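Participant: This is what each chain is made of:
There are 2 protein chains.
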Amino acid sequence: MAKPFTYEVTKVCKQSGARLGVLHTPHGDIPTPIYMPVGTQATVKAMTSREMRDIGTKILLANTYHLHLRPGENLVKKAGGLHKFMDWDKPILTDSGGFQVFSLGDLNKISEEGVLFRNHLDGSLLNMTPEVSMQIQQDLGADIAMAFDVCSPYLCDYDKAKENMERTHRWAKRCQAAHTREDQALFGIVQGAFYRDLRAQSVETLGEMDFIGYGIGGLSVGEPKDIMYDILDHIMPMMPKDKPRYLMGVGTADCLVESVVRGVDMFDCVLATRVARNGTALVPEGRLVVRNAKYAEDFSPIEEGCDCYACTHHSRAYIRHLLNVGEITGARLVSIHNLRYLLRLMEQVREAIAQDRLLDFRREFYARFDMRGSFNRGEEQA
Amino acid sequence: MAKPFTYEVTKVCKQSGARLGVLHTPHGDIPTPIYMPVGTQATVKAMTSREMRDIGTKILLANTYHLHLRPGENLVKKAGGLHKFMDWDKPILTDSGGFQVFSLGDLNKISEEGVLFRNHLDGSLLNMTPEVSMQIQQDLGADIAMAFDVCSPYLCDYDKAKENMERTHRWAKRCQAAHTREDQALFGIVQGAFYRDLRAQSVETLGEMDFIGYGIGGLSVGEPKDIMYDILDHIMPMMPKDKPRYLMGVGTADCLVESVVRGVDMFDCVLATRVARNGTALVPEGRLVVRNAKYAEDFSPIEEGCDCYACTHHSRAYIRHLLNVGEITGARLVSIHNLRYLLRLMEQVREAIAQDRLLDFRREFYARFDMRGSFNRGEEQA
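Chains as they are written, first to last, in the working numbering: chain S, 66 to 447; chain E, 66 to 447.
FYI, nobody ran anything at the bench for these hints, they're computed from the structure. Bear in mind the structure is a predicted one, so any value in this text is a computation, not a measurement. One thing to keep in mind: the hints can contain errors.
Identical chains share a label here; the pair holds if one copy fits it or two copies do between them.
Listed next, the in silico DSBU-like pairs over lysine-lysine satisfying Cα-Cα at most 35 Å (straight line) [stated by the list, open to error]: (1) K123 x K149; (2) K290 x K238; (3) K155 x K359; (4) K143 x K359; (5) K359 x K149; (6) K238 x K149; (7) K359 x K142; (8) K155 x K142; (9) K308 x K290.
Extracted from the complex, chain S is given alone in its bound form:
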């Protein structure tokens, strides 16, 4: 039987060293570098599966913790798995719940066994372990599952970061032991906070475990972007060359471009849809707050030349009106645009790699992009 998952690097950019690749999965091929829109609760917010396909989505992300709570993996399994449940026939990746351990930190208690969660909905307790995470993810049935890890905060002391990393490695082994689905790939997750030696150690240890792909966790957790880039500069050359590398939770346009230059293949982020619902559009100049009064009589599209439904059919003035009066359709139109913007950006990035001109592309990108229009993690939640 042919292996269900193979990753090929099809081209290395002569100018930047960034790579083009293809990850083959049971639900189709994923071209890399790729941006993965986030469908936390088995839908990308305000979007249908058909729309996600129409805007060129190649792979979706869904959240294990949220789906475990509602509707529960048993229901999804009864439905025939996540693909059938949400009518999405392309690849899906599920996270492990590990980031929720981190981001809902005051609601849980971590031990060597796993994490005792307090369900944020009803306060009941649930025990998430590497084995439970694997069971849930196998029941959900995504193409790619992630190992259950321990994420360290930005300002974490060395000993704690080392402890979290070492536990992540032990848990990664337990995940491998518990993971049996052959039609599902398991990715390990590199940790080590902002300590270069820990990161190097994590890459080495997990590399020896021969995962199908690797997540880079614990970045974009509040640190300045330069510090994240510095860690990437340090660890990317050590990462296995023949495996896809997924920078978890990163999704501003500038970070995507900078990270691809450094060798990252996969990204996810909720920013595109979250800011959309607040009336902010992602554009080559950074951001455009469609809700602002200055667009009230602006009959141009959100982004001139964008091929999305919102830009080819509706004006800033119309969308601003919809946002202003609280119509869901306004949030929908900006969501469509923002997702398409990031997917299109990655199409352009892949094209630039194919043409050995990714550094030129980056320069052109910054010629338009106003850094004041970018986002830092967490900012968009304000």
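Model the placement of chain E on the given structure of chain S, informed by the hints.
Facilitator: This is chain E only, laid out in the frame that chain S set:
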């Protein structure tokens, strides 16, 4: 120059006397009987114009009062009119604001001149007169404008109902005098509450004024359905035969069928989208509360055999999950279904008239329809 508006009765059902017709407008032909989805604020809630076209919508309704407040008719006019503003190239009908006078009754003061409104958004005063309503509607530029009328409540004494009706007639004349757009049809509105002689007088007076079409106002304002049908039985035979008849604000499936049998050609109602957002689907059996726990593991579509996107792609279990976790996509899918359900019902009604079997169709309709699953006006707002 050919008249921009003509109405043809193309067929009368031998079994029921109901009619098939076509209303020709500058933005295309409208087959009657027809259900008009409501896009109060220049969008049907949670829907895009493209989706409205895809589900077979032939004409949309928009609200003059709401659009006057936001974004204002000046902006819509600058955009090139409502069709361009909302990217809808088929016919549009705007109401006159008269029903808002009635339904926001504690916020306004009616005189012979017009209505002094208190803007429900910011408390500022605005003066709506027949002339102002015509000016706004002409600026909005829908295909069909409605005369500015005075609606009486269900339990209105005779003298007050007569006074409101006579004022409606005087205002109808002022609307005709103020209305100058030749590419926009003006419909008069029959009033007279639940008094047969007043209704007859209103039909006669307005009939002599030779409007392009006629709204029937002041029904479905809280009365039992039988009382509404009784008024329709009384007045429909008197209505001009060569003009379209629009029963305003009526939109439950049973009322649509009963009213077509009595000779009504056009309908509008917000019920389909309003109940959708609460998780209730319209089905041949009446209603299906998708949100209910009993559908948690039901992998069948909302309505077996329905051709809408929701029913051909998604299960009750999935949609229930989305509603249950508060995802907009859930409200969207039920909205698509509910609108398509009413549009499809009217397609079936037109087909039954064409085949001279509308009374058979009505019998078949009631064989499945549980009246306990119907709605009365206002109930869906609870």
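Participant: Give a verdict on every hint.
Facilitator: Status of the hints after comparison with the structure:
1. K123 x K149: Classified as both: same-chain Cα gap 16 Å, cross-chain 33 Å, threshold 35 Å.
2. K290 x K238: Within one copy, since 31 Å is at most 35 Å while 68 Å is not.
3. K155 x K359: between (40 Å within a copy, 30 Å between copies)
4. K143 x K359: between (50 Å within a copy, 15 Å between copies)
5. K359 x K149: between (44 Å within a copy, 20 Å between copies)
6. K238 x K149: Answer is within; shortest intra-copy Cα gap is 30 Å, inter-copy 60 Å.
7. K359 x K142: Between copies only: 18 Å across chains, 49 Å inside a chain, cut-off 35 Å.
8. K155 x K142: The answer is within: 17 Å in one copy meets 35 Å, while 44 Å across copies does not.
9. K308 x K290: Answer is within; shortest intra-copy Cα gap is 25 Å, inter-copy 68 Å.
The structure is consistent with each of the numbered hints, conforming to all of them.
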